[in-house]
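For the protein sequence lines, the chains are A and B, in the order given. Under this note's numbering, the first residue of the first sequence is numbered 1, with each subsequent residue one higher. Under this note's numbering, the first residue of the second sequence is numbered 1, with each subsequent residue one higher.
Quick caveat, the hints were computed from the structure, so don't treat them as lab data. Mixed in with the good hints there might be a few duds.
[What the hints assert, rightly or not] One-sided excerpt, in silico: chain A residues whose CB lies under 10 Å from chain B:
id, residue
1, Arg57
2, Gln88
3, His91
4, Pro94
5, Arg96
6, Leu106
7, Glu107
8, Ala109
9, Pro112
10, Thr156
Glycine included, C-beta positions come from ideal geometry on N, C-alpha and C.
Listed here are the chains, written in short residue letters.
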Amino acid sequence: MTPGRAAESSPAIRLRSVRRVFPGGVEALAGLDLDVAAGEFVALLGPSGCGKSTLLRLVAGLDRPQGGEVAVGSPAGAEHRGVGYVFQDAHLLPWRTVLANVALPLELAGVPRDARAAAARAAIAQVGLADAATRLPAALSGGMRMRVSIARALVTAPRILLLDEPFAALDELTRHRLDEQLRELWLASGMTVLFVTHSIGEAAFLAERVVVLSPRPARVLADTRVGLPGRRDALLRTTPEFVELTRRLTAVLATEGSASR
Amino acid sequence: MIRRAAGRVLPPLLAFLAANLLWETAVRVFDVPAYLLPAPSRILAALVTHAATLGRALLVTGHAALLGFLLSALLGVVAGVAIASARWVQRAVYPFTVFLQTVPLVAIAPLLVVWFGFGIAPVAVAAFIVSVFPVIVNTVTGLRSVDPALVDLFRLYRASWAARLFKLRLPAALPAIFAGLRVAAGLAVIGAVVGEFVASYAGDDAGIGMLALTYSRESHTDRLFAAVGLASLLGLALFGAVSLASWLTLHRWHASEQEQVR
Ligand SMILES: Nc1ncnc2c1ncn2[C@@H]1O[C@H](COP(=O)(O)OP(=O)(O)O)[C@@H](O)[C@H]1O
Ligand SMILES: [Mg+2]
Chain A
1 MTPGRAAESS
11 PAIRLRSVRR
21 VFPGGVEALA
31 GLDLDVAAGE
41 FVALLGPSGC
51 GKSTLLRLVA
61 GLDRPQGGEV
71 AVGSPAGAEH
81 RGVGYVFQDA
91 HLLPWRTVLA
101 NVALPLELAG
111 VPRDARAAAA
121 RAAIAQVGLA
131 DAATRLPAAL
141 SGGMRMRVSI
151 ARALVTAPRI
161 LLLDEPFAAL
171 DELTRHRLDE
181 QLRELWLASG
191 MTVLFVTHSI
201 GEAAFLAERV
211 VVLSPRPARV
221 LADTRVGLPG
231 RRDALLRTTP
241 EFVELTRRLT
251 AVLATEGSAS
261 R
Chain B
1 MIRRAAGRVL
11 PPLLAFLAAN
21 LLWETAVRVF
31 DVPAYLLPAP
41 SRILAALVTH
51 AATLGRALLV
61 TGHAALLGFL
71 LSALLGVVAG
81 VAIASARWVQ
91 RAVYPFTVFL
101 QTVPLVAIAP
111 LLVVWFGFGI
121 APVAVAAFIV
131 SVFPVIVNTV
141 TGLRSVDPAL
151 VDLFRLYRAS
161 WAARLFKLRL
171 PAALPAIFAG
181 LRVAAGLAVI
191 GAVVGEFVAS
201 YAGDDAGIGM
211 LALTYSRESH
221 TDRLFAAVGL
231 ASLLGLALFG
241 AVSLASWLTL
251 HRWHASEQEQ
261 VR
């Protein structure tokens, strides 16, 4: 249960001098370096528009860098299989039930019907939605949809989970509850998690390590180990350690904000 | 449930009855000659007297219109998929589909007779030509407006072209495709009737278009109205069938077919 328990093994994600310039000259990433150890939970914290989604898409293999190196999985190489991706909104197929939505990744991989239904049921139970398996997305609340989306990402039992501001559109209470559930899932699974957010509190609560990014093009401003306990509950947010951590992260973001202006 | 249905059916029904009453009164009061504008009662009488002929014609036209519509649905969606799948297909083909929409049907109907002979074939083709364009355009639009995040999701899991088409793009395009099919339903009937002006026989195989032409030459304006009314009903029926299919397919998940609760 100690943080960074797998930190010794070769990095699960390795970025070296990664550059991504969009047509029109928008430089989202200009030589970014980042290592994420296997089994680590890293939060990427940065202002909106700084290049966080761009970074995540590169790691997922949905986009290619113009320069530098993106290595995912060990042994290092262009191994994108076993990556789960959660978008800012749930993005479910509205014509499919919860069960069929969650089974989709396995269906696309050609897993037989019974096996994928069993795996989908397990993933749905993991996010606490067993009762909703036969419902359509339209009949779910925003928070439930997001949990279906997470179950869909978990169903392939990925070694790496990428989340792009997954709870940003939810109300605060729901967000806190999902943060706690995600934390539990991580503790139980040993996945490598890269979690993008622009919420300081969320980054501090969830991660073992918070990487603070600058405005576009994203540079690493600070790389902070979170010294909080492995098991975390809602009250952690009120402890002096937690408040001190968010204060430090706020300070990093604030000084950069004034320096770049 | 019953009250809601009544609420939807009653207003147009009342409006229809009122309009007919007004029409009937006006024709009688001003003594309008029947060859110019027959009263609704006369049209109804003509409809009853010539029910056999008109009914047979309705079947002939309905058959051709349905055939043309099905052809449009099938080829329109296939063409839409091809156009939306590759830029070069779009560049090569799209301009000509616009031509389909602007072609003056009455002018090329004789050509259809040259190619397909008289009978149902040229009439169905005429219905097809007139009705295929909205199906193509709506299919292309629907396929093009698929949520990019879902496209990414399918790429992440390395979905095949067929999986992307059948599990994502076509289902996502269904609401747009149905919108195109609804427009096509009415157009197919128009195309069939116009096609019959040129391409069908008088006699037992006469469709509504042929009958309308004959009645108009003979100044049987009441029968003409009856024939035209039946053609409209045919269009309405086809439109209704498509709407029903659309509702059955979409109502569980798409906003366009869900009742506004307010
Ligand atoms: N496909 C694209 N084409 C052009 N510009 C883009 C594209 N995607 C992102 N950008 C630009 O790159 C920058 C970083 O975008 P993004 O990675 O989405 O930021 P973040 O997720 O941190 O809010 C933004 O200025 C955005 O406008
Ligand atoms: Mg983003």
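So, going through the hints one by one against the coordinates:
Given the 10 Å rule on beta carbons, the hint for Arg57 (chain A) holds: about 8 Å separates it from the nearest Cβ of chain B. Proximity of Gln88 (chain A) to chain B holds as hinted, the smallest CB-CB distance being about 8 Å (cut-off 10 Å). About 4 Å separates the beta-carbon of His91 (chain A) from the nearest beta-carbon of chain B, less than 10 Å, and the hint is met. For Pro94 (chain A), the suggested interface contact is upheld, since its CB lies about 4 Å from the closest CB of chain B, less than 10 Å.
Because the beta carbon of Arg96 (chain A) sits about 8 Å from the nearest beta carbon in chain B, less than 10 Å, this interface hint is met. Given the 10 Å rule on beta carbons, the hint for Leu106 (chain A) holds: about 9 Å separates it from the nearest Cβ of chain B. At its closest, the beta carbon of Glu107 (chain A) sits 8 Å from a beta carbon of chain B; the interface hint therefore holds under the 10 Å criterion. The closest approach between the C-beta of Ala109 (chain A) and any C-beta of chain B is roughly 6 Å, which is under the 10 Å cut-off, so the hint is satisfied.
Evaluation of the Pro112 (chain A) hint against chain B yields a violated restraint, the C-beta minimum of about 16 Å exceeding 10 Å. Against a cut-off of 10 Å between C-beta atoms, the interface hint on Thr156 (chain A) holds, since the closest Cβ of chain B lies about 8 Å away.
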